Amino acid sequence: MTAGSLTYVYAVARHSVALAEATHAVTGVTGSPVHLVTPARHRALVAVAGLVPEDDFREAALRRHLEDLDWLEALARAHDRVVEATAAHTTVLPLRLATVYLDDDRVRAVLDDRHDLLLDALEQLDGHVELGVKIYLDVASDSPPQAAPAPDPSLSPGRAYLRHRRAEQDVRTAAHLAAERAAERVEAIARTYAVRRARHRIQEGELATGPGTNVSNDAYLVPTAHADAFLTEVTQSADGLSGIHVDVTGPWAPYSFATLPDLDEDAP
Amino acid sequence: MNPPDAVPARSGNPLPQRQVALIDLLDRLLSGGVVLTGDLVLSIADIDLVRISLRALIVSISEQNPSPWPGAGPGRSTGTP
Chain A
0 MTAGSLTYVY AVARHSVALA EATHAVTGVT GSPVHLVTPA RHRALVAVAG LVPEDDFREA
60 ALRRHLEDLD WLEALARAHD RVVEATAAHT TVLPLRLATV YLDDDRVRAV LDDRHDLLLD
120 ALEQLDGHVE LGVKIYLDVA SDSPPQAAPA PDPSLSPGRA YLRHRRAEQD VRTAAHLAAE
180 RAAERVEAIA RTYAVRRARH RIQEGELATG PGTNVSNDAY LVPTAHADAF LTEVTQSADG
240 LSGIHVDVTG PWAPYSFATL PDLDEDAP
Chain B
0 MNPPDAVPAR SGNPLPQRQV ALIDLLDRLL SGGVVLTGDL VLSIADIDLV RISLRALIVS
60 ISEQNPSPWP GAGPGRSTGT P
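Which chain is which? The protein sequence lines are A and B, in order.
0 is the number of the first residue of the first sequence in numbering that gives the first Met the number 0; add one for each residue after it.
0 is the number of the first residue of the second sequence in numbering that gives the first Met the number 0; add one for each residue after it.
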């Protein structure tokens, strides 16, 4: 029955009956059910896993699929759905997208092998959520003149152009200063509430649909008890500043903070 | 060849509260999450390659620099206006 299947692992968590029941009802990647894999020796941890078709998840096929944005989106949303369902019940340690093993036994071996590190990582994330904070300039970085004022007829075309460029530049400079001010405010709020920060790359390209130009894209690990206060204060961090806006996302499962200490499997 | 799951319709309208933006999700899924090595079908080097290639795609697709893969043509509503 499992012939032609591989084991896709979404996350690691501590074992609990409630988790087993909760994940049972969730649909994972390729619409397949989710099951828990318990290690052979250490019974405290489980891997939240599902079977996926070998044809789609073998190296070559997977690599090809991952460059199809629709396929990638479906995979990402299914992965997130399972991670979120797990996070609703217990502290979750999300795994990198598309972590695939040959079978459940291989997963058991890895859980046993990394047991202490995984448990430590879970403990560090206990009682925390991830919140995303992005700062945007409302002006596009290379915006064509928008609502350009009617050119002063007394100016030569050259001078009118230069005056217009300078006005644009002033708007842009002011917005940059406002963005810096907002970033300082966010940092101050983070010093009060957050315990860790991760920087993501600036969002650009086709998928960056938000209005304006993204100038910072950070994630913060915040104790759950402070999440509302953090969210409220950060949302207000652009108050009184013009030309920018601040976008808060989350709470997320702690994707940006799910790391293990370097094991240096290829260290000298 | 089937996608892993039904692709949610992308309307271009503001997304419902819990429908997170794909780019925010990919920021996390492609650079975050524990990397468990040891027995990956994809070797870690392969994963890095995939990630790099994806990132390049994600940031470089625009009307001036259209999608290099088939099936991602018009119809997607996330492009530049």
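In case anyone wonders, no lab produced these hints; they're calculated from the structure.
Treat the numbers as computed from the prediction; the structure is a model and nothing was measured.
Among the hints, erroneous ones may be present.
Claimed, not checked - Ranges of calculated distance between the beta carbons of each label pair, as one might list FRET restraints:
1. Q18/B to S153/A: 51 to 57 Å
2. R158/A to Q18/B: 46 to 52 Å
3. H88/A to Q18/B: 28 to 34 Å
4. Q18/B to R198/A: 22 to 28 Å
5. R162/A to Q18/B: 43 to 49 Å
6. Q18/B to Q168/A: 17 to 23 Å
7. Q18/B to D102/A: 29 to 35 Å
8. D104/A to Q18/B: 32 to 38 Å
9. Q18/B to S155/A: 31 to 37 Å
10. Q18/B to G30/A: 47 to 53 Å
11. Q18/B to R196/A: 24 to 30 Å
12. Q18/B to R195/A: 25 to 31 Å
Unchecked claim - Not close to chain B: a few residues of chain A, all C-beta gaps over 12 Å, as computed:
13. G157
14. R184
15. A218
16. D227
17. T248
Glycine residues also receive a C-beta, built at the ideal position from the N, C-alpha and C atoms.
Results of checking the hints against the structure:
no.: 1; hint: Q18/B to S153/A: 51 to 57 Å; in the structure: 53 Å, holds
no.: 2; hint: R158/A to Q18/B: 46 to 52 Å; in the structure: 50 Å, holds
no.: 3; hint: H88/A to Q18/B: 28 to 34 Å; in the structure: 22 Å, violated
no.: 4; hint: Q18/B to R198/A: 22 to 28 Å; in the structure: 25 Å, holds
no.: 5; hint: R162/A to Q18/B: 43 to 49 Å; in the structure: 44 Å, holds
no.: 6; hint: Q18/B to Q168/A: 17 to 23 Å; in the structure: 38 Å, violated
no.: 7; hint: Q18/B to D102/A: 29 to 35 Å; in the structure: 34 Å, holds
no.: 8; hint: D104/A to Q18/B: 32 to 38 Å; in the structure: 36 Å, holds
no.: 9; hint: Q18/B to S155/A: 31 to 37 Å; in the structure: 52 Å, violated
no.: 10; hint: Q18/B to G30/A: 47 to 53 Å; in the structure: 19 Å, violated
no.: 11; hint: Q18/B to R196/A: 24 to 30 Å; in the structure: 26 Å, holds
no.: 12; hint: Q18/B to R195/A: 25 to 31 Å; in the structure: 27 Å, holds
no.: 13; hint: G157; in the structure: 29 Å, holds
no.: 14; hint: R184; in the structure: 21 Å, holds
no.: 15; hint: A218; in the structure: 7 Å, violated
no.: 16; hint: D227; in the structure: 16 Å, holds
no.: 17; hint: T248; in the structure: 5 Å, violated
Comparing the model with each earlier hint shows violations of hints 3, 6, 9, 10, 15, 17; every other hint is respected.
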